[in-house]
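> In order, the protein sequence lines correspond to chains A and B. Here my numbering is used: position 251 in the first sequence is 251, and no number is missing along the way. Here my numbering is used: position 309 in the second sequence is 309, and no number is missing along the way.
Each hint can be trusted.
Any copy will do: because identical chains look the same in the list, a pair fits if it lies in one copy or spans two.
In silico BS3-like cross-links for lysine-lysine, where the CA-CA straight-line distance does not exceed 30 angstroms: (1) LYS42 - LYS242; (2) LYS227 - LYS242; (3) LYS65 - LYS227; (4) LYS121 - LYS104; (5) LYS227 - LYS42; (6) LYS185 - LYS65; (7) LYS185 - LYS227; (8) LYS104 - LYS80; (9) LYS80 - LYS121.
In short, the hints are calculated from the structure, not lab data. From a predicted model like this one, the values you see are computed outputs, not experimental measurements.
Number of protein chains: 2
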Amino acid sequence: MKQYRPLIFKTIGLILILFLTACAANQTATDPLPSWTDGASKQQIFDFVASVTNSDGSNFVPSNKRIATFDNDGTLWSEKPTYFQLLFITDRIRSMAADHPDWKTTQPFQAVLENDMETIKAAGEHGLIKLTMATHAGMTTEEFETIVNEWLATARHPSTGQAYNSMVFQPMLELLDYLRANDFKVFIVSGGSLEFMRPWTEAVYGIPPDQVVGSSFETRYELRDDKPVLVRLPELHFNNDKVTKPVAINRFIGQRPIFAAGNSDGDFEMLKWATSGEGERLGILVHHTDADREWAYDRESSEGRLVRGLDQADENGWLVVDMARDWQVIYPYQSVE
Amino acid sequence: MKQYRPLIFKTIGLILILFLTACAANQTATDPLPSWTDGASKQQIFDFVASVTNSDGSNFVPSNKRIATFDNDGTLWSEKPTYFQLLFITDRIRSMAADHPDWKTTQPFQAVLENDMETIKAAGEHGLIKLTMATHAGMTTEEFETIVNEWLATARHPSTGQAYNSMVFQPMLELLDYLRANDFKVFIVSGGSLEFMRPWTEAVYGIPPDQVVGSSFETRYELRDDKPVLVRLPELHFNNDKVTKPVAINRFIGQRPIFAAGNSDGDFEMLKWATSGEGERLGILVHHTDADREWAYDRESSEGRLVRGLDQADENGWLVVDMARDWQVIYPYQSVE
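Using the sequences provided together with the hints, build the complete structure.
Structure, rendered in structure tokens:
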């Protein structure tokens, strides 16, 4: 029997090759980015991927070095009227208020309870930290995960009425899939906090918890009835924004990305870091230009402020995606024409 | 043509199933852990993997939750006469000494130059930090990677004469492969520093840089001639040891492992964290019992000190691997009988 094996394997191998060729031919026929308008932006993405995956070309990148990083707020999902994590915080403050009667007369808690978003924003980073610590610390990591999941299951966006994690960008979901189909390893690198994202990124983006990089809190290992828990402490461990994004990429991922996508000046250094390496690179900035279907904002916005990115995209060779022009669909719950 | 496709696909599908079944049958016949002695330890590993991968069983764990964490020093490679990273440090001090004439009369540098390992160890953590900062900071991340690679290519272990990253444990390489073949995602969680491990863990262990968790230094993003670099600063960012290993696991991996392997009390909390979750879990302690082929040490050792682990392994249900009894081969460069 044994001497026939190689022939059998060769035959099966040949059939496999034919099968895979058929699959590949089939894939070429299907547009992997159907929600992207045919045009220069989409073509630039195709050209980049074709270039780094062509093993005969001078720009070939082996699959274990195909690292792609995506910002989250404003890049993979919306961030208006304000960052969804801030809306989570204000919802939490309201639901915890009964146990904290002093909040009625203490800022910035009072502003939250009175739905006074201007005062909340005016309280600045200091106020935000107070609100964040009151809602993100003092429980175990598992308890916090439950809180996030319950909020996502019930909270609805004030203007669309949708669940927050339905308001992700269909074109970016397709881009994530397209990169993965070409053996990229895809990471989130967000200013949002790790444990606000990880409960849902795998289901929504296909990005597992260990491929999510973000801001983080200090935690403490403790035994409770001989069972270990991690307690979340009211102390920021790492703020992942601007110049610290490359620092976090290096610490968590350990390789320089060859692709990075963002939408604000908070992503400037990440794109700079990714696109300054040797060989072919792609940096993408999502420009929010669609007041009808999403929001239109850039230089003056308190969320996703984009000034340096717009001014220096050309000289850095970055692709500025014009949402109104380049995206035929915004959210998955809207149908493709 | 099109109407024949389904039939063709069915036929190919059937052949594929036969082919895969043949492969699976072939694998069952081949021992995935050939360097492990047949016996209770090996069987316990097989039973655990069979249990969590059996989709009909009550202990089934879906593949995206099959997280395994391994300590490095003393678990995946040797750590005698002292931690290999400390030997890297002392080699670096010697090769940098010409530019630092004051080191001849300044401790602990003087002790290194005089090869006085006792004084180095006696200088304790404070002395070690001085030596570490002098050798691990002040360069870019890329420069440091080159330094590590050059050292590994040329340095040889004082007693075996082997390259340090040849002194990895063959049985553990097999265990890493076996877990991966069963769809585990495998991570290193080590007290060693990230950038001392990442240049070689993928080639040696098959573990990519982003699946290496370790101690880390502060780094700073800087532009040099408009090119970004990350500069390593003489400041520890995170010391990954004992109670902070679960903290790092949570921060980097974001899921609780169902499998953890270590060899010292520095791994105690990692094993406790991994094995205290719901469902079937496995914690392994490698016990260094082989003075002939490797080293024998536990309670009194300054490297890999193991006291609590030995005392509490039974009550925690941890498997203590007896290196002399359970491992037929230690290093890959030794042949299997």
